[in-house]
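Peer 1: Now for the letters of each chain:
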Amino acid sequence: MQKILIANRGEIAIRIAQTCKKLNLIPCGIYSDADRSSLHIQHCKDAINIGGRLPQESYLDITKIIEAAKKLDCNLIHPGYGFLSENENFVKICKREGITFIGPSTEAMALAGDKVKAKKIASKVAPVIQGREVSSDIDALALSENIGFPVILKAVEGGGGRGLRVVKTIEELKQAFLSSKNESLLSFGSDRIYIEKYIENPRHIEVQILSDNSNLLHLGERECSIQRRHQKLIEETPSPALSQEKRNQITAVAKNIIKEMEYDNAGTVEFLFKNGEFYFMEVNARIQVEHPITEVVTGIDIVEQQIQIATGEELLINQDDINFKGHAMECRINAEHPLSFVPYPGIVKNFVPPQGTNIRVDTALYSGYSIPIFYDSLISKLICFGMSRHEVIEKMKNALLAFRITGIPSTIPFHISVLHDRRFIEGKYDTSFIHKMKTFAEKKGEIAAAIFAEIPKKLQFLKIDEKNNEDKWLKNRLAWISKYDTERNLSVWG
Amino acid sequence: MILREIYQYGDSNTKIQVNNTIYDIDIKGEVITLDGKEIDVNLSDDNITIEGNTFNIDFTEEGDPSTMILNGMLYLVSKENSIYSSVNEIKAPMNGRIINILVNEGEWVNNSQILVMLEAMKMQNQIRSPRKGTIKSIKIVKDQSVKLGDILLTFE
Chain V
-4 MQKILIANRG EIAIRIAQTC KKLNLIPCGI YSDADRSSLH IQHCKDAINI GGRLPQESYL
56 DITKIIEAAK KLDCNLIHPG YGFLSENENF VKICKREGIT FIGPSTEAMA LAGDKVKAKK
116 IASKVAPVIQ GREVSSDIDA LALSENIGFP VILKAVEGGG GRGLRVVKTI EELKQAFLSS
176 KNESLLSFGS DRIYIEKYIE NPRHIEVQIL SDNSNLLHLG ERECSIQRRH QKLIEETPSP
236 ALSQEKRNQI TAVAKNIIKE MEYDNAGTVE FLFKNGEFYF MEVNARIQVE HPITEVVTGI
296 DIVEQQIQIA TGEELLINQD DINFKGHAME CRINAEHPLS FVPYPGIVKN FVPPQGTNIR
356 VDTALYSGYS IPIFYDSLIS KLICFGMSRH EVIEKMKNAL LAFRITGIPS TIPFHISVLH
416 DRRFIEGKYD TSFIHKMKTF AEKKGEIAAA IFAEIPKKLQ FLKIDEKNNE DKWLKNRLAW
476 ISKYDTERNL SVWG
Chain D
4 MILREIYQYG DSNTKIQVNN TIYDIDIKGE VITLDGKEID VNLSDDNITI EGNTFNIDFT
64 EEGDPSTMIL NGMLYLVSKE NSIYSSVNEI KAPMNGRIIN ILVNEGEWVN NSQILVMLEA
124 MKMQNQIRSP RKGTIKSIKI VKDQSVKLGD ILLTFE
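Same order as they appear, the protein sequences are chains V and D.
Counting from -4, one number per residue, gives the positions in the first sequence under our numbering.
Counting from 4, one number per residue, gives the positions in the second sequence under our numbering.
No lab work stands behind these hints: they were computed from the structure.
Ideal placement from N, C-alpha and C gives every residue a C-beta, glycine not left out.
Check before you lean on any hint, since a few could be wrong.
[To be verified] Going by beta-carbon spacing under 8 Å, a handful of chain D positions derived as facing chain V:
1) G75
2) N98
3) I102
4) D146
[Claimed, not checked] Taking beta-carbon pairs under 8 Å as the criterion, some of the chain V residues facing chain D (in silico):
5) P145
6) S182
7) G184
8) M432
9) A436
10) A444
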């Protein structure tokens, strides 16, 4: 049996390990010093501590990861998402070391990573947004005046929202150009910037592709417009914005782009969609966080296909084999304060995910787990399936209400609010959705909150003496009175 | 059953704003009234039941406003006034031994500042101030054993 190193952590490492076991591959893992109690270790046959806590010292350290692969006798590496998943140099080094990288070829990775080149090639077969790379602030000014404001500045070699600047007037341009350049250099080690026409409040729609260079197929689209600071929070498929005709168009165009780029393996073609027109944005050369919704409506295991393609075997499925069934939605549950969205690491007291048919939870959380401060705030992905969009929304609402994550705040209240928003229910939303959102809560819950706030903590505490159930009561009560897990924290008065 | 203790500690009548609505909450002994109407409240280990509807308490954080997540929904709570501000004596919450006194007579303390450390059941308990104010007198010394309800210190 072949061994495969999963060069990642958390839920995606577990997700990949599950497919490996299905395929009779032995999943092996790595973990940093901050991840000694991470659940993904338990899902691997062997796992090596690679030390470090910050990503640079651990999951981004190519030398350590290659070393781990050799020590564990792995001849395959799956990078997951984030970290080294789109690092061209890592792909090269894997190849040099005789390790099969589960992902696209070096050339395809390099092309997908260079947004300017990718856009140039895509423009042969797809509508693209006007714009180009700029060399200086003077050049930036000339281009912006030519295409007209507002414009958006992006890092050529970037991603994840960093280096992005929206500029509405000529006066703001120079400052924005310089700060975008700086941020890009700090984040990605490159200060190449390109500018394009800014499309205000578009929808964000992407197409999942599988390609083995001879066979090329799409697994439909995903609607990802519910975003906060360019980070996706809710995704669904099919998109409520597309007619069947538009769907056929966008998937066909996505396939053509992949073909032009000679891209292999699983990939995602991202588009902006506004007023019935779509524009190519970029190709993501990795498994994406939101891949489960596609798996749920197609029955295709995307990680399995990635491994199939990367190990040099042909895709065993054709476009005709893909049947789209029903509707799926994913809510990304992050350990973040529900108001400020500030990451909120801490100790999870209770973790009780919802259960039932057509509910999938991808997570690495467990009761008592301490969320490290060094990595992503994503703690759980809740995926629901139903025959209609309406059914999925109802299922998701119930699943969120049944989802108990206590001790830390999460984005669950945000998701419940979105699912009660008329614009979302009607499918009429775009990337500006979150700015106009109202928080949804229950009237009876408001009363409960008011009374809970007013019943003095000391009185709650004194219940112990009457209940004769001292220890349990005390422990529970103090658990949420205290912000600290190990100390009791009382307010007392006379 | 919880509220029997209230006689000892005083009544409260507070206006509390939750999300966008203001609620008038009146606690007199065992009776809680909301906007003039008596309601049935039951507190359990990690939930609160109001008129038969149970809400799990997922997360709470003190602040202005305070944040509460009940059954996965967000509630922001701010108080107009509170019975905390009228507290004049700090009493021992349980039988135990004073292991540290962290304030001095005449010292001005902040809300939630640690006043006294009390050891009981092999656990150290931080006794925090329920209010801002100046400490008038300290009635205990280090290593002293105290009983539930003993006065530890008083405010001016």
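Peer 1: Decide, hint by hint, whether the structure agrees.
Peer 2: Each hint tested on the structure:
The interface hint given for D/G75 holds, since its Cβ lies 4 Å from the closest Cβ of chain V, which is under the 8 Å cut-off. With its C-beta approaching chain V no nearer than about 10 Å, D/N98 sits outside the 8 Å limit, and its interface hint is violated. At a threshold of 8 Å, the smallest CB-CB gap from D/I102 to chain V is about 13 Å, leaving the interface hint violated. For D/D146, the shortest C-beta to C-beta distance to chain V is roughly 20 Å, which exceeds 8 Å, and the interface hint is violated.
About 33 Å separates the beta-carbon of V/P145 from the nearest beta-carbon of chain D, more than 8 Å, and the hint is not met. Interface hint status for V/S182: violated, as the beta-carbon distance to the closest one in chain D is roughly 31 Å, over 8 Å. The beta carbon of V/G184 comes no nearer than 38 Å to any beta carbon in chain D, farther than 8 Å, and the hint placing it at the interface is violated. At a threshold of 8 Å, the smallest CB-CB gap from V/M432 to chain D is about 12 Å, leaving the interface hint violated.
At its closest, the beta carbon of V/A436 sits 4 Å from a beta carbon of chain D; the interface hint therefore holds under the 8 Å criterion. At a threshold of 8 Å, the smallest CB-CB gap from V/A444 to chain D is about 4 Å, leaving the interface hint in force.
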